[in-house]
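Engineer: Chain by chain, the residues:
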Amino acid sequence: MSSTSAPSGPFANIFLRFGFLIVFAAFFALFAVWNPVFVQGGNLMNIVEGSAVLMIVALGMTLIVATGGIDLSIGIALDFGAAFAVVAMKTYGLDWFGAACAGIIGGSLVGLFNAALVVGLRISPFLATLSTFFIGSSVQRIFTNGGGPISHRRMPEEFRNLALGQIAGIPTEAVIAFVLAVLYFLVLERSIWGRRIHAMGMQRSAAVVAGIRVNRILLLCFVLASATCAVGGLIAAANIRMFTPLSGFSYLLDAIAAVFIGAALHPRGRPNIPGTVIGVLFLGMVANGLNLMGLNFNTKDALQGIILLSALALAVAQRKARNG
Amino acid sequence: MQADAQGRRFLLELFGFLPVIIFAGVLVYISFNAPNFVTLRNLELIVMQSLPVVLVCAGLAAVVMAGGDDVVSGGIDLSIPATAVLSAGITAQMLSLGYPLLFCAAAALAASTVVGVLNALLVTRIQMTPLLTTLAMFVAVVGANNVVTASRRINVDHPWIIALRAQDVGGVPLGIVVVALVVAAAFFLLHQTRWGLNLQAAGGSRDAAEISGLNVNRFIDQSFLLAAFTGFICGFFILARGSGSSPGVQDNLMLEMVLATFLGAAFSPRRVVTMWGAVLGALLVAAISIGFKSMGVNLFWTGLIKGSLIVLVVAFSAISQRAR
Amino acid sequence: MGHAAFRLSGIVKDFPGVRALDHASLEVMPGEVHGLVGENGAGKSTVIKVLAGVYQPEAGQIEVDGQRLSPATPLSVHAVGVRFIHQELHLVPHFTVTESVFMGQERTARLGLAKREMRRAAEAFLRDALGLDLPGNRLIRDLGTAERKLVQVARALIDGEAKVVVFDEPTAPLASNEVDIVMEAIARLKAQGIAILYVSHYLSEITEICDRVTVFRQGETVGVFDTITDASAGDLVFAMVGRNITDMFPPKGSRATGRGLEISGLTDGAKFAPLSLSVGEGEIVGIAGLIGSGREEFVDTLYGLRRKTSGHVTFDGSPLHIATAAQAVKAGLVLVPRDRRHDGLVLPMTVTENATLATLEDNATAGIENRKAARTATEAQIQALDIRPPNPDAVTRLLSGGNQQKVVLARWLATSARIFIFDEPTVGVDVGAKAEIYQLIEDLAAKGACIILSSSDPVELQGVCDRIAVMTRGALVGELNAGEITVDDLVAATTGAASLAEIRDAG
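Top to bottom, those sequences are chains E, P and U. First residue of the first sequence? That's 1 in our numbering, and the numbers climb one at a time after it. First residue of the second sequence? That's 1001 in our numbering, and the numbers climb one at a time after it. First residue of the third sequence? That's 2001 in our numbering, and the numbers climb one at a time after it.
Quick caveat, the hints were computed from the structure, so don't treat them as lab data. There could be a bad hint or two in this list.
What the hints assert, rightly or not - Partial chain P-side listing against chain E, Cβ under 10 Å, derived:
#1 Leu1132
#2 Ser1294
#3 Asn1298
#4 Leu1309
#5 Val1311
Claimed, not checked - Restraint ranges, calculated between C-beta atoms of paired labels, are given here:
#6 U:Asp2386 - P:Asp1251: 51 to 61 Å
#7 U:Arg2141 - P:Trp1160: 17 to 27 Å
#8 U:Gln2105 - P:Asn1155: 23 to 33 Å
Said to hold, decoys possible - Covered stretches of chain P (in silico footprint by chain E; criterion: 3 or more residues with CB under 8 Å from a CB of chain E, positions within the stretch not fixed):
#9 1019-1030
#10 1135-1141
#11 1301-1308
All residues carry an ideal CB built from backbone N, CA and C; glycine is no exception.
Chain E on its own, in the form it takes in the complex (with noise of 0.2 Å):
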């Protein structure tokens, strides 16, 4: 019956069948020919190191809206991340990697709150990590005293090479964020965790019914996806030698948007990580390719907000057609 409703000639099929790919490209071509600084490896390199954060943020958005719901206080996690781990440092006098775990364990908590939301109060996500938002930003300006940066220049190089080091002359936050890629893709889409994962995330009561324990998943979920939101913390700490209280909230939408241009890449509209790294990509090309258009900056941020919104609707779109 999809062959009557959906275009038929060879170009509609091309571009149903790779109309994302397509526009990646186009993009990517017309940076290309804007600015050729656009191409040299040098910037390339810049684009994948420059979407490290968000590839960190991204994949935990992934895990939970496979779960079935959305995490609006992942900000907070990678807040908390950076928060534990420069206060780690700054005040306890710890290492750069007592300073890491601690900042992990810092995100960690704000999954666990999300969980104890979630899983204990069965609040909808969507809810829960709205409120689990708002009080982790009261939290930080509690903390803070009104949401001033807690610099802290005397850092350990061991921690400010998470974010400037180099691996094999691979800059260390595009390596980390790669590892935490491929760790994901195992658990999420070749693991018999993420079978249960998606399953509950589809039909959740069929999975409690085939004796899938939803609300352990759920809890460890949370947990992983605001531990890796911590990794991101780290990263963008040591970046700037400072937590700066609030400033998670920036790769929020980034997030969902990656997330979800992925779902909609796979044929059966699945969240999963190669579709949300080529989402994070694209994204950070975009900002990249805009910013080396020499565009001024409000004009830069409104383009790009409607690219993103274009984004996604050609990637629904797309999908909703081959699907007829």
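Starting from the known structure of chain E, arrange chains P and U on it as the hints suggest.
Structural biologist: For chains P and U alone, kept in the frame of chain E given last:
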């Protein structure tokens, strides 16, 4: 057995009213601890303060009623506050360029309508989820506003706009009169007309509405247009309150809008989002903000309090729903 | 005799690759309740959609009240007074009765809605035309299923223009005492001279309520029976499937009954009183009871979906600790749930994904899936259970009810479960697949599994079970030996028409 069941049901009903009781308790607590809280002057202040939120809540209530109250898959429009800010930004910028107010308002209305139409198209034609669509739209519209205003604060001293704040009509501030009229019209439209009942049917059960020969997508489209319209009006109240447009209002407005609207559902006898419930919710949120402020509670704590309130309200209504 | 209320003749409807209707005909007289039966895929729903104007037939005529409709469209069909009561309720839970009855056809006054007038009209219609006293301001979510059904009927008929009403499986979600409420309403409509087409899987209802019955098989009309003179339920089944009803239930094997499952004093503290029941190895024990008897809640509590407040469960003498479904599955106790599409399957997932969901570890090394192994295992299951289409990658949403049920079963058969609970296993399953499912249950018992069959279908309980536990009003009132009772006895026991002692004495 029968009496038992009735007693149980009564307890459940009571349990569902707990949020209301908690709110009442908090307000009573404030009125004992904050001098002058229960004065006419202060009540007026609360209502004035809540006007922008009331307006966007009315819009959101319409969208939720038409799309269903599941936050992720049902109807939601997070872009209304952005529309409001855009409406304010366009009006302020054009006023500062010397155009007459009506001309500015027409331009703001046109821009708001474009946002509403785009939301409607993306949701009902491309079938993107409303949450995703309007979140992305929020970003794009805020970006557009930053281009319009160049991210600057623009002062507005047009007498008509100042009148919304300063002018009295028979002892009641003009602003309150205008909002009361808008809300009354929206209430009549949504709760007292055939159109409104059909719109609610569309959101209550898509299948039921379609079986009854209703065009569900049309109602969803119209609800987004209505929401954009409330955003348009809200823009003028943002201008009046701050004597001009200033960037960054939208974030807080969005959070308060969601809090107030879903809080309102806990107050409605049927436990669903309604127009007057949303308005009441907006008033209560403003009352609590102002109340704590006049008690001398640190401003940084308000986010914490609001977040906790969402948790309380939603958890209680979730529990009483489930026990049915 | 006058002309028919509606008549379909020579209807042909083709879908790509298949002829769904092959010169089918159907005729219903005014004031007649006319049954339409057939297996799934026989063309019942297609013919309804042709009548509704949703499908345009390749050939054939549609006449309503002597007038030929060409073409029939949803609007033209509605205009001549044909109404459809769909199987699904399609009501808004938080709407009132009045709002639901008038949905999409609200009456307006000069300013806004004529709320009071609508309420009065809705209440009057429900009372006079359908025999139901219901306040117009009650919320739908506070109503029982039968009441909701009648609200749905009222919505279709409130304009007073209805001449033909098509009921599609109206009693599927109802308990048998609720069925009576709907039956009574239909009788009232009949008395008002309305022609009724009654589509149902429940043959006992068909023979009870219908004047005549049309039987479809593979898109053709194979016969029209007069229920008063020449059709029993057995005759209808024979016409539908072309074989005899005795084929439906497999012969019961001899039971080597071990100790098995022992439930003592189990209760959820609310919906059913402490209940004790034992199921020997190789035994099939039925649970009979109306909706509201606590039967569903008992099953849910046993499986860990509801919180138990007291009682304990043992298997072969060792205790089973079941507080969640996951613990139940781990303990070897599995459930084939009553709401298959909601609780049984993850519908967007494939057959393989669903069939291996409980045994993921078996097809994985160190937590990483071996997809080939999962597929091979599923292919074997598909063969063994005759799942159609035989495609391990088919999305389960698109399978028929019987095949979906087989996928649920495949999932549990892959585990080492010893205790199986079947909750309404054949609801929405066609006659052919039903027989296969009964055979599978019998096979499981023959291999020594403990089986609980909870059902609202007395024929099924009597045909499949060894013993039947009867629940009424939240309590287990006793057990009957299936070999010593008739279906009528069982109905009498569940509805409270006769005590168990009376039935045993009579038997």
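Engineer: Next, verify each hint and record whether it holds.
Structural biologist: Structure-based check of all given hints:
1. Contact between Leu1132 (chain P) and chain E, as hinted, is supported at the beta carbon level, the nearest pair being about 5 Å apart and thus within 10 Å.
2. For Ser1294 (chain P), the interface hint is violated, the least distance from its beta-carbon to any beta-carbon of chain E being 19 Å, above 10 Å.
3. The closest approach between the C-beta of Asn1298 (chain P) and any C-beta of chain E is roughly 7 Å, which is under the 10 Å cut-off, so the hint is satisfied.
4. Given the 10 Å rule on beta carbons, the hint for Leu1309 (chain P) holds: about 8 Å separates it from the nearest Cβ of chain E.
5. Residue-level restraint check for Val1311 (chain P) holds (minimum Cβ-Cβ distance to chain E is 5 Å; threshold 10 Å).
6. Roughly 59 Å separates the CB atoms of Asp2386 (chain U) and Asp1251 (chain P), a value that falls within the hinted 51 to 61 Å.
7. For Arg2141 (chain U) paired with Trp1160 (chain P), a C-beta distance near 48 Å fails the hint of 17 to 27 Å.
8. Remark: the range hint 23 to 33 Å for Gln2105 (chain U) to Asn1155 (chain P) is contradicted by a beta-carbon distance near 54 Å.
9. For the segment 1019-1030 of chain P, the stated coverage by chain E is not satisfied: 0 residues place a CB nearer than 8 Å to a CB of that chain, which falls below the threshold of 3.
10. Counting residues of the segment 1135-1141 of chain P whose beta carbon lies closer than 8 Å to any beta carbon of chain E gives 7, which reaches the threshold of three, so the coverage claim holds.
11. Counting residues of the segment 1301-1308 of chain P whose C-beta sits closer than 8 Å to any C-beta of chain E gives 8, which meets the bar of three, so the coverage hint holds.
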